[in-house]
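Undergrad: Two independent chains are provided; combine them into the complex using the hints.
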Amino acid sequence: MSDKSIEERVQEIIVNQLNVNEEQVTPQASFLDDLGADSLDLVELVMAFEEEFKDEIKGEIPESDSEKLQTVGDVVSYIKDKAAG
Amino acid sequence: MKLTFENKTALVTGAGRGIGRAIAESLAAEGVRVICVSKSESSCGAAAEAIRASGGQAEALAVDVADSAAVAAACEQLLKDYECIDIVVNNAGITRDGLLLRMSDADWMDVINTNLSSCFFWTKGLLRPMTRKRWGRIINISSVVGIIGNPGQANYGAAKAGMIGFTKSTAREVASRNITVNVVAPGFIETDMTNELSDTVKTEAAKMVPLKRFGQTSEIASMCTFLASEEAGYITGQTFSVDGGMAM
Numbered sequence: 001m002s003d004k005s006i007e008e009r010v011q012e013i014i015v016n017q018l019n020v021n022e023e024q025v026t027p028q029a030s031f032l033d034d035l036g037a038d039s040l041d042l043v044e045l046v047m048a049f050e051e052e053f054k055d056e057i058k059g060e061i062p063e064s065d066s067e068k069l070q071t072v073g074d075v076v077s078y079i080k081d082k083a084a085g
Numbered sequence: 086m087k088l089t090f091e092n093k094t095a096l097v098t099g100a101g102r103g104i105g106r107a108i109a110e111s112l113a114a115e116g117v118r119v120i121c122v123s124k125s126e127s128s129c130g131a132a133a134e135a136i137r138a139s140g141g142q143a144e145a146l147a148v149d150v151a152d153s154a155a156v157a158a159a160c161e162q163l164l165k166d167y168e169c170i171d172i173v174v175n176n177a178g179i180t181r182d183g184l185l186l187r188m189s190d191a192d193w194m195d196v197i198n199t200n201l202s203s204c205f206f207w208t209k210g211l212l213r214p215m216t217r218k219r220w221g222r223i224i225n226i227s228s229v230v231g232i233i234g235n236p237g238q239a240n241y242g243a244a245k246a247g248m249i250g251f252t253k254s255t256a257r258e259v260a261s262r263n264i265t266v267n268v269v270a271p272g273f274i275e276t277d278m279t280n281e282l283s284d285t286v287k288t289e290a291a292k293m294v295p296l297k298r299f300g301q302t303s304e305i306a307s308m309c310t311f312l313a314s315e316e317a318g319y320i321t322g323q324t325f326s327v328d329g330g331m332a333m
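So the protein sequences, as listed, match chains Z and P. Using our numbering, you'd call the opening residue of the first sequence number 1 and step up by one each time. Using our numbering, you'd call the opening residue of the second sequence number 86 and step up by one each time.
Any given hint could be a false lead.
[Claimed, not checked] Across the chosen pairs, the derived CB separations fall in these ranges: (1) Z:4 x P:260: 33 to 39 Å; (2) P:277 x Z:74: 29 to 35 Å; (3) P:154 x Z:51: 17 to 23 Å.
FYI, nobody ran anything at the bench for these hints, they're computed from the structure. Just so you know, even glycine gets a beta-carbon here, dropped at the ideal spot from N, CA and C.
The following block holds chain P by itself, in its conformation from the complex (with noise of 0.2 Å):
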């Protein structure tokens, strides 16, 4: 299938590595705009140069997505810029594992913020110029644990099935302005992320997967790429596992 984006700006945090870049790479591929968000300088400049250096258009942005006060002033910024920041992907995301009973505030409250907060402030500082253009789409990037669960993760689960929440009341709000909110919930994918886990836990990890395998950065990206094309305009408020079968 051939997917059709004429003249669009993107936005994806966490576009440094794993799975934001994947789909800042697929996104750019397709020959959208692409604006790299990540809190380190960087990590960002290095996925839009990799970007550049293959033909696509990207511009980097360090912003700590944690940092309402910084995401609302780097949004006024860009839409100075661009005008209109067509797709907003939510991707940006930390864990801080540990068991409820020993988990602190911090760790509760710095998931909370990064992978959820987050969705807020960028999906409420873009929206307007979408609202006015007609035209957006906004997906956000949750996981597998926020919907079956996962010991350890009470933070991230929490933080996780926020995000479908949001997505959905989001979703409702902005349909008569035909823009759609999804979410895509990845499983075990290989990046950063679950390399820090030990390698017993990879395999028991696989284990629970039907397709008996983790998945690639690439499987993510290319479900997030179909559903900010024009073809995926009559999908809202939905949630997509690309988990190897883990939820079903």
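Chain Z extracted, bound-state conformation (with noise of 0.2 Å):
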């Protein structure tokens, strides 16, 4: 288990994979508006999560879930849904 939080986490697989400043990566951040990213990034963050997350989230993140996950803030909570659930 890692040391940081989950926020921490999540935050830091944001700033790799879109290239962006941690300051940017507020919760409610949206990835398409506000942290330019495109269809192909969201599906690659997806994978970025389940693969950092998949003690909490225990398997994939289903297309019906990762479409609502549209701000940082939204996958903060879903995560700490599934790792309390």
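TA: If you want it as structure tokens, here you go:
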């Protein structure tokens, strides 16, 4: 288990994947509108989240869930829900 | 024209013989590291050995390209060893000819899996690092049969036409990542595959070719090597017939 919080780990992935600054990755930031992601980026982000949070998510993120993950905050609460459930 | 290849690694399926082997040799001659894939260990091993003997860099990899799980495992290992496979040439192919009325389900599925599904397996398995690197070349070897059809090859024609559709959709998906995806569609080329044809069929076939001869594997390889080069960076989603003018 990583010592970092889920928020920090999510932020790290987004910074690497989308080549943005940490300050831009706020809970309200939208991947498409604020962070310059395109559809291929979103797929790659979801795959990166699945990899990083495989213990929390326990499997793949289904398409029906991934399309709801529009902001950084959406992702953090999704992973927390999965980890709790 | 001088072609540019800067520190590139390529994977060529069906590289044991015929067109695939010529493509592997042609890329290696340009300084590209080549992973020669074929089903049999001895076949890809010999191809890689020949390339190394002539001063190129090559590795052999025995995988059944029709086996999704085997290809996925091979891709995972490759990406540990090489970080990124920059150039993928989906060339592996088989024929199971027969008139449609007598074609078995097995002959249909084998040809679809080995020729067409394999493109999906390899491309999916190797695409991610290319998107990160913002550079990639995917070249799918189709056939004139996928464009104009051929009696006795409903399975092969379907697979080869399918590769063209696969290429165009994929080309659109990954264009923003500076990855090009193209098709080379050979006509009758002198290989083991066409050597199996009877002399009568070969003579008749040559008559259908405006240039009146079978092509050489090197004539396909030179097109592929160009498409893999830096110089071909503005070409994507296209099908290039190298068939002596059969399809025009």
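Undergrad: Against the range 33 to 39 Å, how does the distance between the Cβ atoms of residue 4 (chain Z) and residue 260 (chain P) compare: consistent or not?
TA: 36 Å, holds
Undergrad: Does the hinted range 17 to 23 Å hold for residue 154 (chain P) and residue 51 (chain Z) at CB?
TA: 19 Å, holds
Undergrad: Would you say the C-beta atoms of residue 277 (chain P) and residue 74 (chain Z) sit inside 29 to 35 Å of each other?
TA: With a Cβ separation near 56 Å, residue 277 (chain P) and residue 74 (chain Z) fall outside 29 to 35 Å, so the hint is violated.
Hint compliance for this structure: hint 2 is the single one not met.
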